[in-house]
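Chains as they are written, first to last, in this note's numbering: chain S, 19 to 325; chain A, 19 to 325; chain Z, 19 to 325; chain F, 19 to 325; chain G, 19 to 325; chain D, 19 to 325.
FYI, nobody ran anything at the bench for these hints, they're computed from the structure.
Heads up, some of the hints might be wrong.
Chain copies aren't distinguished; within one or between two, either way the pair holds.
[Said to hold, decoys possible] Think about it this way: if two alpha-carbon atoms lie no more than 20 Å apart in a straight line, the pair counts; the simulated SDA-like pairs of lysine to any residue are:
#1 LYS127 to ILE201
#2 LYS208 to THR36
#3 LYS51 to PRO298
#4 LYS127 to ALA199
There are 6 protein chains.
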Amino acid sequence: MTGQDDLFHPVTELPDHTRRARYDRLVGLDEVKLRLRKEALLLADPTRLQAWAESFHHGRIAALDLFTDRAPLFVFAGDVGSGKSALAESFGCDLADQLNLPVFLYRLKLATRGSGLVGEMTSLIGDAFSHLHTAGRRATGPRGINSAMVFVVDEADALVQSREAQQMHHEDRAGVDAFLAGIDSLVGTKIPVIVVLCTNRVGALDPAIMRRAAATFTFTRPEEQQRRTVLAAALDGTGIHAETLDKLVTITGPGPDRPGYTYSDLTQRLVPAAILNAFPDRPVTDEDLLALAELTQPSPVFTEDSR
Amino acid sequence: MTGQDDLFHPVTELPDHTRRARYDRLVGLDEVKLRLRKEALLLADPTRLQAWAESFHHGRIAALDLFTDRAPLFVFAGDVGSGKSALAESFGCDLADQLNLPVFLYRLKLATRGSGLVGEMTSLIGDAFSHLHTAGRRATGPRGINSAMVFVVDEADALVQSREAQQMHHEDRAGVDAFLAGIDSLVGTKIPVIVVLCTNRVGALDPAIMRRAAATFTFTRPEEQQRRTVLAAALDGTGIHAETLDKLVTITGPGPDRPGYTYSDLTQRLVPAAILNAFPDRPVTDEDLLALAELTQPSPVFTEDSR
Amino acid sequence: MTGQDDLFHPVTELPDHTRRARYDRLVGLDEVKLRLRKEALLLADPTRLQAWAESFHHGRIAALDLFTDRAPLFVFAGDVGSGKSALAESFGCDLADQLNLPVFLYRLKLATRGSGLVGEMTSLIGDAFSHLHTAGRRATGPRGINSAMVFVVDEADALVQSREAQQMHHEDRAGVDAFLAGIDSLVGTKIPVIVVLCTNRVGALDPAIMRRAAATFTFTRPEEQQRRTVLAAALDGTGIHAETLDKLVTITGPGPDRPGYTYSDLTQRLVPAAILNAFPDRPVTDEDLLALAELTQPSPVFTEDSR
Amino acid sequence: MTGQDDLFHPVTELPDHTRRARYDRLVGLDEVKLRLRKEALLLADPTRLQAWAESFHHGRIAALDLFTDRAPLFVFAGDVGSGKSALAESFGCDLADQLNLPVFLYRLKLATRGSGLVGEMTSLIGDAFSHLHTAGRRATGPRGINSAMVFVVDEADALVQSREAQQMHHEDRAGVDAFLAGIDSLVGTKIPVIVVLCTNRVGALDPAIMRRAAATFTFTRPEEQQRRTVLAAALDGTGIHAETLDKLVTITGPGPDRPGYTYSDLTQRLVPAAILNAFPDRPVTDEDLLALAELTQPSPVFTEDSR
Amino acid sequence: MTGQDDLFHPVTELPDHTRRARYDRLVGLDEVKLRLRKEALLLADPTRLQAWAESFHHGRIAALDLFTDRAPLFVFAGDVGSGKSALAESFGCDLADQLNLPVFLYRLKLATRGSGLVGEMTSLIGDAFSHLHTAGRRATGPRGINSAMVFVVDEADALVQSREAQQMHHEDRAGVDAFLAGIDSLVGTKIPVIVVLCTNRVGALDPAIMRRAAATFTFTRPEEQQRRTVLAAALDGTGIHAETLDKLVTITGPGPDRPGYTYSDLTQRLVPAAILNAFPDRPVTDEDLLALAELTQPSPVFTEDSR
Amino acid sequence: MTGQDDLFHPVTELPDHTRRARYDRLVGLDEVKLRLRKEALLLADPTRLQAWAESFHHGRIAALDLFTDRAPLFVFAGDVGSGKSALAESFGCDLADQLNLPVFLYRLKLATRGSGLVGEMTSLIGDAFSHLHTAGRRATGPRGINSAMVFVVDEADALVQSREAQQMHHEDRAGVDAFLAGIDSLVGTKIPVIVVLCTNRVGALDPAIMRRAAATFTFTRPEEQQRRTVLAAALDGTGIHAETLDKLVTITGPGPDRPGYTYSDLTQRLVPAAILNAFPDRPVTDEDLLALAELTQPSPVFTEDSR
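Turn these sequences into a full structure, and let the hints steer you where they fit.
Following this line, the structure appears as structure tokens:
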């Protein structure tokens, strides 16, 4: 069986400082955060659902059966820089806090294709799920679970894109199938894992994958209020004026001919560039920020039209 | 010869509880269910047909000869989430009840492509049918059959798509051919097996496959009455009002710009999401369900236009 | 050299009961049947042609020379379900009767592609013809032939499709070439073999193949009289009324928006489905047949437009 | 080095009876036949050209130098059944008669692609030309040549198609290049070989190949007079009437909606089919021929539009 | 692990004479040059940023955290001949001067694809980054860094082109992924490396790559003033007149139907050709230059439309 | 390392008689011939440039530095038969005369692709340049060079076509890259080599290749005066009349619907065919030539539209 290092990027134990900071910086995603927290609670202790039904519905309700037939699969769809990958890789910090247990973050290597033999992709994906099963068994004990897992497939369209596309190679189809089999193998087990597929081409995912998703969340570029929150936090300590912040929020929003800034446009381009403009000779000024914001082009929108 | 585990997903003995529950939840498919039951009766005891002819037609009728020339092949065609795979993988429970015998469910791995050598697909498909023959011989004895088999090929278009498509690789054609040979090898044997091909792209199946099908059944998204039945069953115990159910049935139906909900949209998305909205702090309410139904997008229709 | 089992489906000695019954059920194909019978007579004893010339044309006529330059190749073209494959695989029964000799039916495996090395297709096709030569030598002796052969390539377009198609792979071209060489190797030998290529895409066959065909026969869906004959035979014993038969013949014919039934639509779908509708509780009725005939869609026409 | 049998179809020593008969049956190709005969004379004894110049032009003329720079390459272009392959494979009989020497016919296997390793095509084509060089050295001695060679590449477009086509694989380009190198290697040597490329897609040949051709001959379907000659020869002895022949010549010509018959349509289809219609019970009649000529479709024209 | 020589073009220690001269000849790129110099200062001593904040902003400012999350990745986008590759391969000379340390220039071989096994591309890119890590550890010591690195990927679109393109092979996607992983592995380390991707098809770069870029600089063909500077420097000593220089600047600019000259059009074509026109018999004249400038076509613009 | 014979067509020492004759027959290409001669002088003794600057420009001029940054690369672009390959393979004769040294002609085999392993193309191109370096070192000694080299890549588009083409395989891109690296490795060395790329699809060459070219020369079909010169030379001694020559020059020129004759149309088709028409029985006549010129189709123009 393929070793863990060939299947996943290095496995990370959560919470860790950097990812929790990222998680906290992600603003405006409360709905998704709450849903994931509830899913984690159920994974940790499925009996809570029955307890809830007894509290609020006088005992068992038929729909609870449906939960055992569900796959623990979530699709994060949205534009580049909209925070979907950042959330996928950091929400485990919140789960860890909620459950008071360690959460292990597994990120699939897209290179999961083996050393060249056709057919290996299939077995490698199979191996990845086998690892989750093995780790999942270790994570469960007579007194409940002792840890949980988050399994992230970033740029998932590369792996599980729709078989509608006529020109897809047989091998790729086999990869989709292996993934489907892996997801199905998790249904009904008590393995405490949440699988997240991130994609900026949700229309390219295979319908059989989409059908299995417990939920699909759509991420967008930050709204006005979100941009304000992000910029205020990032510029804290620079002493810029409130009206400059107002102007920045406006400038970085969408215009008639261009989209608004992404989260990463704000935090990885605009603010660092302003600082480097000033460094090392003078303080960063309101004018630096405004001038750069006028100049910096937001990341282009990832289009699906190229299909 | 390739081992069983490389050819099939784990073989399941039916009936089992989960699949029987699924079978029972599938509403509005009575015609298909009845036909499959009759086919099973004939597989278990072909002489019943002659007995019937004697009872009702004064002895042998010419058409009975045609049955020995038929392939035990059925095509389940229809949209994602229309229940075709669920039925294919669960109707064996009913057969088991009717025959009072175990029924073994074989599901072909689409990854049946070997470890990379061109040409292996062909031999692997051959091996899959060889397994059916071997198992079939064990299943038949001097006193009739002691078990039956259901062989399901899900997403069959990936395996046996039409050779009309000019760009198909030779290897894929060879796979279609191997499948044809496998089907033909079952004709006239007394092996108690029913083969089901599921596809959401029936137009993509090879005509030579279609020609051999004893019947092609088309599955659709649930009609109004079927949605009502499904929702009422799933929500049993929640105490929602009758008029809420009426509204849900309407909302989840097709609109001018969108299709109706699929079965899985109802049972794997809408209802669980409503429950998780409420959980763990309060009961699920009529408003939860109605609001979610307004928000939730039905699964997109799988189009064949991409050919 | 590749073994016979890798090259051909199991070789069948004709006549056998099933195939003779099929041959007899094929109605409306008298012209083809007669021509094939004559070809067989010449293969068995080429001197008959000279004898005929002497009887009817006062000795040798120049055209007889042309026969030695001819390939024993026939193309059966036509729609799915039109009986071309059924005839190709059964007319050997008639030859056997005519010649009073066994006739061996060889059916090429389309999977004739070897275990993955490019170039093997070529040598495998070469091996297939070598087998025919070897078998042919055994079949001929000092006192004439002791058996004859029929070599069928079904779905021949997959093997020998036109090199006009720009995107054809070099390997496939090599396969066409190997087939041409094989056919040419039979010209002028006394090997008693008839080669039949079946295709539903006659336009896709390579012109160099078509040029070598001694004749191309086009098969169509059954005409009114043929449908009547087929249905009457199949329903013999069921006691349906003459006017029901009339109606069935009409319903199963082509309509403004759809083609007529194929042979297999009649014998493998309509009639068995009617019987299974009735089975096991009641006799098949005229109404069963008429209702089903209204419902059953004829097989779609295989279009070549997808090129 | 690859053996001769893997490179060429069995090498044939000319003249032989069958091919000479074919050569004689090819009517209306006198220009090509004459040119090839002259080329052969020069190959056998290049000094004849100088002798001719001395006889008719008072000694050396500058243009004779150009002959040493020429490749012995001819392109036979034209429709399927127009006689180009038949001529290519039979004109060596005439050369043999003219030179009073044996002529060896080498026909390249299009399967010249090796056992699967990319790059072998190149070395195999190189080997084919090496064989010609080796054989050529044996064919030349102190007292002139003792034999000559004809090297035919049928369906040459498959081997040396234009590199204009963007989608051509690198390997195929390498094959063209190897062929160019082979042709160039013959220039200026005294090897008595004539290379003929036959193609029905002359527009698909690589321009670098076309540029090297000493001449390109275009073959067409038989004209009226040619059809008359062919039919009269083939039907000699059948006793058909002169006006029937006239009618046949007309019927087999091109019509408003269809092309005329090819040579092989006349000799391999129409006449043999008429004879088989009559055989074994009655003489072939004028009516047989006329009826069949009305029914038989001429071979379709090979179009290059599919590029 | 793959050796350094298979991964990179020969590693160059900067400064060296030739590249510094090139760097100095690159006019009009001051903004980029300054930014790269500042990035280098931070790489050499990240504490400078904090020191700056203390000097000018009364201590720590929140945005400094963002720097640890940044990738040291820059994209140089622009037309052929616009100087982007020349700058990428020479700015290390300036860094070396600024840091007073050697700077090592690593240029990725685009041929980083291994010896043919699919999947090796992935591991080779991984190896390339491993080399950077290894070299980076050697470059850092207890007393700060003792050298720095510049890692250039020229024609980067070939390596990391967008996965938007449907037809991209899985292997190529895996290469993008490996590159992403490599870039991510540098984030937060103290390895003194700057990664530069050069491309003339910036629209073809994968969005996930673009998102990680700290900055994207767009290079254009030289403006009027830049052409003047380049030409004056190159022609120094030839004695051409000032008005000739004016005319040359005009002629080499963009016209209605054509683009302006690139840097290399000026320095590698126009001027050397003028000199060779004169050499060896006479001095280069104003007329030579003007005539050649009229004749020489500027390099065509690299279009992205071919997607 | 791959042997020389696998990389290059047999290496030729120039001058030789045949190629010098070809070089002399190439009319109307004086500009290219002169430029190449000057380049050769500089290769043989780079100090001549400085000497020239001192003679005519009072010492060193800045532009001379640019020469050390130049690649010795020339692109010969133009239609089939326009003489570009002929010049590329023969101008070394002139260099040899000018330098009074042997000149070695290396012609790259387009088949430089190895025996099938992806990635070998890259190393083979690398090996080809290594050979040039090795030979170059032998060619240079303390007293200057003792020989020079010409390296010709005919049909260069097959090797170094533009990476703009989306569908190009990665391996092909790697080949372009290897070629770029090879060319760059020659810059600044004193290896006496001139590299010539011939192509009839100049638009298909990679921009990074084009950018490195010291000059691009465009070759066309012969103009009226050039046709006259060629024909007069070839027909010398035949005694044709002056007005016949005039007529031939006109007939072989471009017409409204067709292009003019190429050089090879004139020398390899028209004239030899006229001679063979007459041979062996009578002298070639003015009528022969005129009639043939009317009949012979000029070579079709190689179009780039097929991209």
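Evaluation of the provided hints:
no. : hint             : verdict
1   : LYS127 to ILE201 : both (17 Å within a copy, 14 Å between copies)
2   : LYS208 to THR36  : between (30 Å within a copy, 16 Å between copies)
3   : LYS51 to PRO298  : between (39 Å within a copy, 15 Å between copies)
4   : LYS127 to ALA199 : both (18 Å within a copy, 9 Å between copies)
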